[in-house]
Amino acid sequence: GQQVMQIPQYQHVQEGEDFTTYCNSSTTLSNIQWYKQRPGGHPVFLIQLVKSGEVKKQKRLTFQFGEAKKNSSLHITATQTTDVGTYFCAGPTSGTYKYIFGTGTRLKVLA
Amino acid sequence: NAGVTQTPKFQVLKTGQSMTLQCAQDMNHNSMYWYRQDPGMGLRLIYYSASEGTTDKGEVPNGYNVSRLNKREFSLRLESAAPSQTSVYFCASTEGRADPSFSTQHFGDGTRLSIL
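Protein sequence lines correspond, in order, to chains A and B.
In this text, residue positions in the first sequence follow this note's numbering: the first is 105, and each later residue adds one.
In this text, residue positions in the second sequence follow this note's numbering: the first is 23, and each later residue adds one.
Take the hints with a grain of salt, since some may be wrong.
Listed next, the in silico DSSO-like pairs over lysine-lysine satisfying Cα-Cα at most 30 Å (straight line) [to be verified]:
| # | chain 1 | residue 1 | chain 2 | residue 2 |
| --- | --- | --- | --- | --- |
| 1 | B | K36 | A | K212 |
| 2 | A | K212 | A | K160 |
| 3 | A | K161 | A | K212 |
| 4 | A | K161 | B | K36 |
| 5 | A | K140 | A | K174 |
| 6 | A | K174 | B | K36 |
| 7 | A | K202 | A | K161 |
| 8 | A | K212 | A | K163 |
| 9 | A | K212 | B | K79 |
| 10 | B | K31 | B | K93 |
| 11 | A | K140 | B | K31 |
| 12 | B | K36 | B | K79 |
| 13 | A | K174 | A | K202 |
| 14 | A | K163 | A | K140 |
| 15 | A | K202 | A | K140 |
| 16 | A | K212 | A | K140 |
| 17 | B | K79 | B | K93 |
| 18 | B | K79 | A | K202 |
| 19 | A | K155 | A | K202 |
| 20 | A | K174 | A | K212 |
| 21 | A | K174 | B | K93 |
| 22 | A | K161 | A | K140 |
| 23 | A | K155 | B | K31 |
| 24 | A | K160 | A | K174 |
Everything labelled a hint here was simulated from the structure, so no lab data went into it.
Treat the numbers as computed from the prediction; the structure is a model and nothing was measured.
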């Protein structure tokens with residue numbers, strides 16, 4: 105069945121350093137979504153990418169969707185302590201109501 | 023605006039006990055979902071309901087049952103709890119779109135369930 109993998113599983117960075125997490129799907133996706141979960145909280149939707157090669161920015165966050173629509177990345181520039189949490193990508197099973205979530209990358213920012 | 027509300031927030035059960043996790047949304051969303059979250063395994067779909075009156079299995083349905091009581095409410099039942107079901111359970115909902123794979127998920131705060 106469809107699988108969505110994320111690397112790395114954990115990442116510790118010093119405040120001010122950059123951070124990148126990668127998401128890879130075993131199948132082509134119609135779109136990919138990114139969510140952030142703060143410690144003890146619930147996942148919150150960040151962004152959706154639809155087009156092949158699409159790049160979107162939200163302040164210090166840059167999201168990319170691969171040309172083949174099978175991979176994606178999230179890059180955070182100059183991390184802050186408010187960036188702490190787990191970042192998930194999610195890929196839908198085309199034409200259905202089912203979503204497959206990646207395993208997540210837990211980011212810890214050291215002040 | 024409450025969004026997605028889950029009850030209870032915490033629960034401790036003994037092996038073999040049963041319980042029902044409740045979820046309600048006030049956003050008039052058509053589709054609702056139950057996930058479990060375990061360390062290092064992300065979010066895994068247990069069951070979902072595309073619309074009122076329908077339910078379908080997700081990745082890990084064994085040991086669970088669901089009821090879509092009406093458009094607002096979607097409950098998850100553990101008939102005979104097992105330690106392997108210790109987890110954090112999240113309910114989510116999505117608005118209805120022509121292509122459902124473009125909908126985005128709205129999550130509740132979760133239920134932290136421990137089974138001894």
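Q | 30 Å Cα cutoff - pair B:K31, B:K93 | A | The hint holds at about 22 Å.
(Q) Need the status of pair A:K174, B:K93: alpha-carbon distance at most 30 Å? (A) 34 Å, violated
Q) Would the pair A:K212 and B:K79 pass a check requiring their Cα atoms to be no farther apart than 30 Å? A) 34 Å, violated
**Q.** Pair hint A:K161 and B:K36, alpha-carbon separation not exceeding 30 Å
**A.** 47 Å, violated
Q) Is the straight-line distance between the alpha-carbon of A:K212 and that of A:K140 30 Å or less? A) 13 Å, holds
Q. Are the Cα positions of A:K161 and A:K140 separated by 30 Å at most?
A. Distance ~15 Å between A:K161 and A:K140 Cα, so the pair holds.
**Q.** Pairwise hint evaluation, A:K174 against A:K160, where the allowed Cα distance is 30 Å at most
**A.** Holds, because 17 Å separates the two Cα atoms, which is no more than 30 Å.
Q) Taking only the CA atoms, is the gap from B:K79 to A:K202 under or equal to 30 Å? A) Distance ~10 Å between B:K79 and A:K202 Cα, so the pair holds.
Q. Can the restraint linking A:K155 and B:K31 be considered satisfied, given a maximum Cα separation of 30 Å?
A. 38 Å, violated
Q.
Tell me if the straight-line CA distance from A:K174 to B:K36 falls inside 30 Å.
A. 43 Å, violated
Q) Is the Cα-Cα distance between A:K202 and A:K161 30 Å or less? A) Holds, at roughly 26 Å.
Q. B:K36 and B:K79: Cα distance at most 30 Å?
A. Holds. B:K36 to B:K79 sits at ~26 Å (cutoff 30 Å).
Consistency note: the structure conflicts with the earlier hints numbered 1, 4, 6, 9, 21, 23.
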